[in-house]
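Listed below are the residues making up each chain.
Number of protein chains: 8
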Amino acid sequence: MIFQHMDRIVFAGDSVTDMGSQCPVGEGLADRLGRGYVRVVDSLLAAAYPEVYVRVTNSGISGDTSRDLLARFERDVISLEPDWISICIGVNDVWRQFDSPALSDQHVLPQEYGENMTKMIAASRRVAKGVFVLSPYYIEPNPEDPMRRLMDEYGAICRELAAENGCVFVDFQKMFADYCAYRHSTFIAWDRVHPNQVGATLMAREFLRHCDFTF
Amino acid sequence: MIFQHMDRIVFAGDSVTDMGSQCPVGEGLADRLGRGYVRVVDSLLAAAYPEVYVRVTNSGISGDTSRDLLARFERDVISLEPDWISICIGVNDVWRQFDSPALSDQHVLPQEYGENMTKMIAASRRVAKGVFVLSPYYIEPNPEDPMRRLMDEYGAICRELAAENGCVFVDFQKMFADYCAYRHSTFIAWDRVHPNQVGATLMAREFLRHCDFTF
Amino acid sequence: MIFQHMDRIVFAGDSVTDMGSQCPVGEGLADRLGRGYVRVVDSLLAAAYPEVYVRVTNSGISGDTSRDLLARFERDVISLEPDWISICIGVNDVWRQFDSPALSDQHVLPQEYGENMTKMIAASRRVAKGVFVLSPYYIEPNPEDPMRRLMDEYGAICRELAAENGCVFVDFQKMFADYCAYRHSTFIAWDRVHPNQVGATLMAREFLRHCDFTF
Amino acid sequence: MIFQHMDRIVFAGDSVTDMGSQCPVGEGLADRLGRGYVRVVDSLLAAAYPEVYVRVTNSGISGDTSRDLLARFERDVISLEPDWISICIGVNDVWRQFDSPALSDQHVLPQEYGENMTKMIAASRRVAKGVFVLSPYYIEPNPEDPMRRLMDEYGAICRELAAENGCVFVDFQKMFADYCAYRHSTFIAWDRVHPNQVGATLMAREFLRHCDFTF
Amino acid sequence: MIFQHMDRIVFAGDSVTDMGSQCPVGEGLADRLGRGYVRVVDSLLAAAYPEVYVRVTNSGISGDTSRDLLARFERDVISLEPDWISICIGVNDVWRQFDSPALSDQHVLPQEYGENMTKMIAASRRVAKGVFVLSPYYIEPNPEDPMRRLMDEYGAICRELAAENGCVFVDFQKMFADYCAYRHSTFIAWDRVHPNQVGATLMAREFLRHCDFTF
Amino acid sequence: MIFQHMDRIVFAGDSVTDMGSQCPVGEGLADRLGRGYVRVVDSLLAAAYPEVYVRVTNSGISGDTSRDLLARFERDVISLEPDWISICIGVNDVWRQFDSPALSDQHVLPQEYGENMTKMIAASRRVAKGVFVLSPYYIEPNPEDPMRRLMDEYGAICRELAAENGCVFVDFQKMFADYCAYRHSTFIAWDRVHPNQVGATLMAREFLRHCDFTF
Amino acid sequence: MIFQHMDRIVFAGDSVTDMGSQCPVGEGLADRLGRGYVRVVDSLLAAAYPEVYVRVTNSGISGDTSRDLLARFERDVISLEPDWISICIGVNDVWRQFDSPALSDQHVLPQEYGENMTKMIAASRRVAKGVFVLSPYYIEPNPEDPMRRLMDEYGAICRELAAENGCVFVDFQKMFADYCAYRHSTFIAWDRVHPNQVGATLMAREFLRHCDFTF
Amino acid sequence: MIFQHMDRIVFAGDSVTDMGSQCPVGEGLADRLGRGYVRVVDSLLAAAYPEVYVRVTNSGISGDTSRDLLARFERDVISLEPDWISICIGVNDVWRQFDSPALSDQHVLPQEYGENMTKMIAASRRVAKGVFVLSPYYIEPNPEDPMRRLMDEYGAICRELAAENGCVFVDFQKMFADYCAYRHSTFIAWDRVHPNQVGATLMAREFLRHCDFTF
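Protein chains in written order, with the working numbering: chain A, 1 to 215; chain B, 1001 to 1215; chain C, 2001 to 2215; chain D, 3001 to 3215; chain E, 4001 to 4215; chain F, 5001 to 5215; chain G, 6001 to 6215; chain H, 7001 to 7215.
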């Protein structure tokens, strides 16, 4: 496994990362890591590698767009001196364009999204030995759905920036699309965004596949 | 308008009809009619026709399948001696097949659904001067989505039974599909089933279009 | 309809406008628009004109008099750069004179009311392309009732100022009076001020009648 | 004062009598007497006549019509073996006809009201040495208001039955009408039915004026 | 009655005055006046003198000693520009000496109490046309009880200062002592300090006896 | 110490015994023993005698008079097959005569009290090897206080019955009276009945003094 | 993997199995499966084998001993017609002997435990194609600790009965003991019994290792 | 007994001292002293020595390490001018190393612990006439358990510093170890740290044994 004893990983993101974690930053006992994929990653690491102590920190805040995350990135991510940084942002950048089409000042368009991601990735690379870029996603199997199509555009920006900057790219969108060949999206998330425990487990598994993890 | 002074309409259904109404049967002051399309219908009737007193009763219960509704139909609908009956059931018959695929005893398959509907329509016609059949729906614009496709199958059963029995058929599925040409489904319902107030207003308007209603 | 794609309407007012909305300013998902006429206006616009995105903002705060609203008008209304502004204030200016007769510093008398309204209308006209003045009201059919009589005085100030300043005047008082010819005021509002959903629907319908709205 | 040491008075009624008292029957410590006129009567008696122990019992239940009260009169009033009985019922008999005009089975019309009252008075006279009939009321100063007019009709039934049966008649309607010459009804009760502490004090004072009470 | 139209009375005190009122200062609708003797005074005045509007303000705060009240007297009493001021303080000055004997810094001894009272009375006389001094009390009939004996010492200070400064002295201690000849103190207050509604009524009646009040 | 390994003691009583314990019978983990003297007894026994396991059961129910306790004595005490039984009842028999003087059917007079106690003691002696009678008390140092005087009468009945039947008599009244020579009753219990932790500790200590207990 | 499409597994047990699940039996959406190892098993199965629908049912109830579970085994396990049954019971049989040593009727001793397990295993084998026996455990690394030692005795009974009856034996005690070589028991469970998410993940992983599961 | 009339004792510590007390500093009525050993000490002193008023102050805050306590020691302990100071800290210094091994910045290692204790003891001796050092503990009978072993190391630092500085050393660890010879640690504290009432009583008794206390 790629993480070493006493490494620290900070997971930055929105409600999908947050899932009830302590805000702005949560770690340690009780439910401070939230109930989403971050906790499942933490549990699986601790269960499978008892001899390696990995410090997992949840810096997700519900409702954040990439604009919001950028504004707090120094305080909630960089200043924690992480060894690894994971960024999973963009769902709300897209979602607000569809569920609140008239509230234009809440919409983060692709160009700004790319700029925000570029700044966060650059800041991350300066302090961390590894950076993960986790694609935003919409658990909608129909690629012609407008929100899915726009989400794919944001995901492509992630993929490209990850490649340019030597980051690990984790493609949640593809993973969920593959899964939906077998089970309907309502099995994982009634609103196609916030996964239940099965969805969180799928995300954690996909993340760990990029970490040389053995169950 | 087709309703006459002191007519009583009973709306039977599941959570889409219920929406927090008093259970098993709600009517009158405060929030006893729930917060869904039934209340919007009631408000629009009362606002537009102050001289006609129409008694609106909500017999929706969250989670009901057609099997559940049939079991309580005599008590919660027929025994109220309604002049008009509206039936909107089937979403859960379909949904459980997708979000709980292994819980087969909660699945109501098309054949049973047709039989349940047939019995309820027959009972309704014996007591009421008019019966509305409201299609179950899934606010999913992609007709190839498996849950949408199955829902369409249930909707077709409704349409057919309505035609055979002289009922008014209200096609919510088509109405939502038309609307989604302009706005994304997340604008109406995050889970594509439980509508917000815009969705409830759309449903009430569609219902009232079959009632010779003038705003 | 008079509103155009991406127009923004700000509804300023007191508890009748607020009705549980997010304070000081609410808009967008969930119950942030409150449960009163503002939400019904929003739902009807969105249902009937899916191709026109209108941004509806609720700037109502419970208990406000015209004095309170004036004090926050720049922050909660003007600075939002609305295309349309609706002002519905005055109920509490009058009410406190009757339910708290000894608390004279909470009474806003007609002269001050007129001055407050004049300032708000002037500020509104500088930024918005249209201004609605909605009459304060008391759902009391007896024109000789002292509180109704005083409310009519405030309403007359509204009507006059609206005419002088080219604003649209919406006469809620008359609309409710007409309605009470058919149903008793307790059917709409137990305290003759805070309308239930029927009352909110009546108010929204009356408002939309001045907007070239088609159901 | 007419009450003697260890006399028991039972106050039967609806929400105006109940006001949060223990149901179906409340007496003794804490808030078991509710927060309405019954408690004020009890406090004034205890304060002014420390040497006379009067047992005050609240048999009011919110929402009751005369039909509901009659159904429980034996259990909640007669079986308590009171020395004095006070009956204050009828507001809901009238109110439902105005706020829920389509729910006809909740309407208790004048004829039935008179029959219900007749039965309760007869039962009371068989066990108690004194019976008070307290008029239902609507704190509406306009005698032409339809609900006030109908309430007056029920009040007249009370007055007549009281006279025929040797009961003490307490005319709350007239007392409130006189008071409204000085202060507006909203000063006493926002919904013109449920009095605040000023209203409760007015009612208690009016009641005690028929009891040879000295402050 | 001594109060005139639009007079304002401010009641300063501790929990006995406060009784759940809005803090630091409460007046007007709902329960802002608390549930103690202040509200009973207000209700009796409004009931008996509808033509005289008296503004009643509750400036009681639970737990206050005379030291605490003095510290906020300018802000919570004087600055309100009252026509009449009522001061009822001292229970906690005494009580803490008995229920928390080791917490000496919470004890306000007689000398300091006298100084605090002197300052508050002087400040009151400068702004108000009348000042009431209400004795602290302990509803303990045994004059030899140590806490009662000490309370009597504080009460004597009140009586003396009232006489010297032309204030109205209301002797709650004597009134309660007289009452306890008929009923036990537990009938009024389980802890012999916080009166129930009977006790509050007794206090209000005693206060109003000094105001030329007619029931 | 008189208790032996695996002995069971059942404490029967009212709110003083109950103090929030599980009802009707509490024992074991968490707060099931309540927060009163029963728990302090249990804690002291377990702390001082780790080698002796004593089963302590709380059969106290708030508000009980001796009449209520007698009615449930078989179910809540005898059927538990205790080795020792402690009875502490009578406070409410007396208290209701003072705080609710008009509610005569809630008063348990001395004769009935003696009969109730006699029956419970007899039943206890048939099954237990030892019976404790704990005096009811009123933490009122003045022996001339009417409630204290009546309580003493009930206490004398206890003392006499204990002596006649070979029970251990624990005189809480005397213990509290002695204590009040040093500290005021409000230091132990604001209402002179329900002790705080100091009072509960005093009671437990007094009880254990009759059990040959060493701290 | 050993489970086949549409197989049903019922997990019977105590609070370790229950962990907040719906009682007496939970399955399906939301948190009905609880938050313990049962949910982790369900999530991992669903994530790794999307094409195999396995129905997971939680029949755990907090506080149950083997005596309690046996009493409801027919209703909560057998009657559900499971294909697989998992039994994890015994922690409370042992625990009560240590935290409530005097409450002997709550202690289930080894002999009764063996008999209870024998009956449940026999009943299970009659209906299911496979039976899992999961050892009770105490996350106490010191094998000389008295509660650990007794728990090992119960675990040995499980192991033996599993071997005799062809059941799969899952040794949680050994798994936790091995884990404690690396991390302290407080890392998994503050009370050494109720595991946090890391502990639940360890248990699920250990269970699945006997199911031919691939991550 | 060593405490004199009007002496003040301040108990500084973590959650074991705090146990729900008012924070940062609690004393006096109600539950302000918490529910732990501090309250039991207070109750026993007040019960046994009514003529000596000792002021007991709880300065415990949950979660505190010696680092946290040192940071607030001047404000929450020294500035209160205590006659006696008790310090019980260190459990969290050790615990976090075991339940959160990767959160190294929350670990207070032995050297820092010794320095923190040295500073607090020195400050205490400057103001108080007596200083108690209460050992941190882990109610784990196995001395080879790693957390117990480390706790013993911290306890040894306490003992040594107490001896060097003339403080009273109270050895909770030894007291609990002795007790566990008779009853299992789960009888006192499920998590081996936070004692129930039996544990709190044991601690209070052990503390008082160093105070020349007689029960």
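Any given hint could be a false lead.
Claimed, not checked - Estimated spans, in silico, between C-beta atoms of each pair:
1) C4023(E) <-> S2079(C): 28 to 36 Å
2) A4071(E) <-> Y5182(F): 51 to 59 Å
3) R2149(C) <-> C4023(E): 49 to 57 Å
4) E1115(B) <-> H210(A): 32 to 40 Å
5) F1169(B) <-> D4031(E): 49 to 57 Å
6) V5127(F) <-> E7051(H): 37 to 45 Å
Hints were generated in silico from the structure; no laboratory data involved. Idealized CB from N, CA, C, for every residue including glycine.
Now for the hints, and whether the structure bears them out:
Between C4023(E) and S2079(C) the CB atoms are about 34 Å apart, so this pair conforms to the stated range of 28 to 36 Å. One distance hint, 51 to 59 Å for the beta-carbon pair A4071(E) and Y5182(F), is violated here, with the actual separation near 33 Å. At roughly 37 Å, the beta carbons of R2149(C) and C4023(E) sit outside the given window of 49 to 57 Å. Checking the proposed 32 to 40 Å range against E1115(B) and H210(A) shows it is violated: the Cβ atoms sit about 51 Å from each other.
Look at F1169(B) against D4031(E): about 54 Å separates their beta carbons, and that is inside 49 to 57 Å. Distance hint for V5127(F) and E7051(H): a CB-CB separation of about 43 Å, consistent with the stated range 37 to 45 Å.
Violated hints for the displayed structure, listed by number in ascending order: 2, 3, 4.
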